[in-house]
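S.K.: Chains Y and X supply the protein sequences, listed in that same order. Quick note on numbering: this note's numbering labels position 25 of the first sequence as 25, and the sequence is numbered without any gaps. Quick note on numbering: this note's numbering labels position 41 of the second sequence as 41, and the sequence is numbered without any gaps.
None of the hints are false.
As a list, the in silico SDA-like pairs of lysine to any residue whose alpha-carbon atoms are at most 25 Å apart:
(1) Y:Lys-59 x X:Ala-66
(2) X:Lys-113 x Y:Leu-25
(3) X:Lys-71 x X:Lys-98
(4) X:Lys-20 x Y:Phe-63
(5) Y:Lys-59 x X:Trp-60
(6) Y:Lys-56 x X:Leu-120
(7) X:Lys-95 x X:Ile-108
(8) X:Lys-118 x Y:Arg-62
(9) X:Lys-98 x X:Glu-57
(10) Y:Lys-34 x X:Leu-120
(11) Y:Lys-56 x X:Ile-69
(12) Y:Lys-59 x X:Leu-68
(13) X:Lys-119 x X:Thr-36
(14) Y:Lys-41 x X:Leu-125
(15) X:Lys-71 x X:His-101
Partner residues are not named here, just some residues of chain X that face chain Y (Cβ under 7 Å, in silico):
(16) Leu-65
(17) Ala-66
(18) Tyr-67
(19) Arg-105
(20) Leu-107
(21) Pro-112
(22) Leu-123
Hints were generated in silico from the structure; no laboratory data involved. These numbers were taken from a predicted model, which means no experiment stands behind them. All C-beta atoms in this analysis are idealised placements derived from N, C-alpha and C, irrespective of residue type, glycine included.
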Amino acid sequence: MAKNKYNKTCRFCDDQIAYVDYKNLKHLRPSTTKYAKIVPKYYSGVCLRHQKMAAKAIKRARFMALTPFVR
Amino acid sequence: MNPTKEDTAAPADEKVELTKYELMVILLPDMSQEETAKELDKIRKELKTLGGEIYHEDLWDVRDLAYLIKKHDKGYYAIFYFTLENGQGLAEMEKEFKLNHKLLRHLIVKSPKNYVMKKLEDLMLSEEDLKPRGRQEKPRYAAPGASKPSSESKPKAEKVEKVEEKPKPEASEAKPAEKVEEVEKVEVAEEAPKEKKEEKAMDISELDSKLESILDDPDIDIKL
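Let's have the full structure, built from the sequences with the hints guiding it.
M.R.: The structure is reproduced here in structure tokens:
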């Protein structure tokens, strides 16, 4: 079924990623907007389980100055 | 950090599974190599006194920070991967970290059991990653495009309104020509505004014919 009108699938599930690492900016970058905000899952189509992991990883990366809080 | 309860839950097992932790540290960037080595040694000793075993180290060297920390725009990153039976001593260790002015930031995270360590180049963004930013921006650009038809529909509606407005001034121009006869009709029109347009369309043709008849009438003198 179409999750949203673009019928997206979770990109973490597609790549079979079990754990979103806060150090891995390649995973985190597509989950953030160009203003470094976390993309909601109704835009990105990421499943809830991975969205929670990604959100936590982004917040950890922000604290360690790997990604900015705002841009 | 929360102490793990896995050890207490499974004491009867032959080998108690040690929980994996990782400690990321940002040191001051402007220290000499000896000083940084000293600080790193301190951290290693503290981990060992807690009973932890460091099974891997990652020294990322000086990197740019994403934002200023205590007016530093760079920092020396180091990561220690270690195992601990229980994390009870970690809180005390963190207190010492907070008092240490040479440590800008530190973060202790429980890593998953089947955690695969990666090299720095695989983790960080390359120049190619920075280019195709459009993956998220595509829907953004599509959004204004989708709103275009709605913006186009608005002027159409305005045009329709303008067309409707046009007959009114014509009617008002025709009115002063014959004031006496119009007065009654205007009052009727004000009471029923919806019927206005139809009546006026009728009125104009009637008025034109009347005007012509009056102008053609030789008995009436009109000075133009």
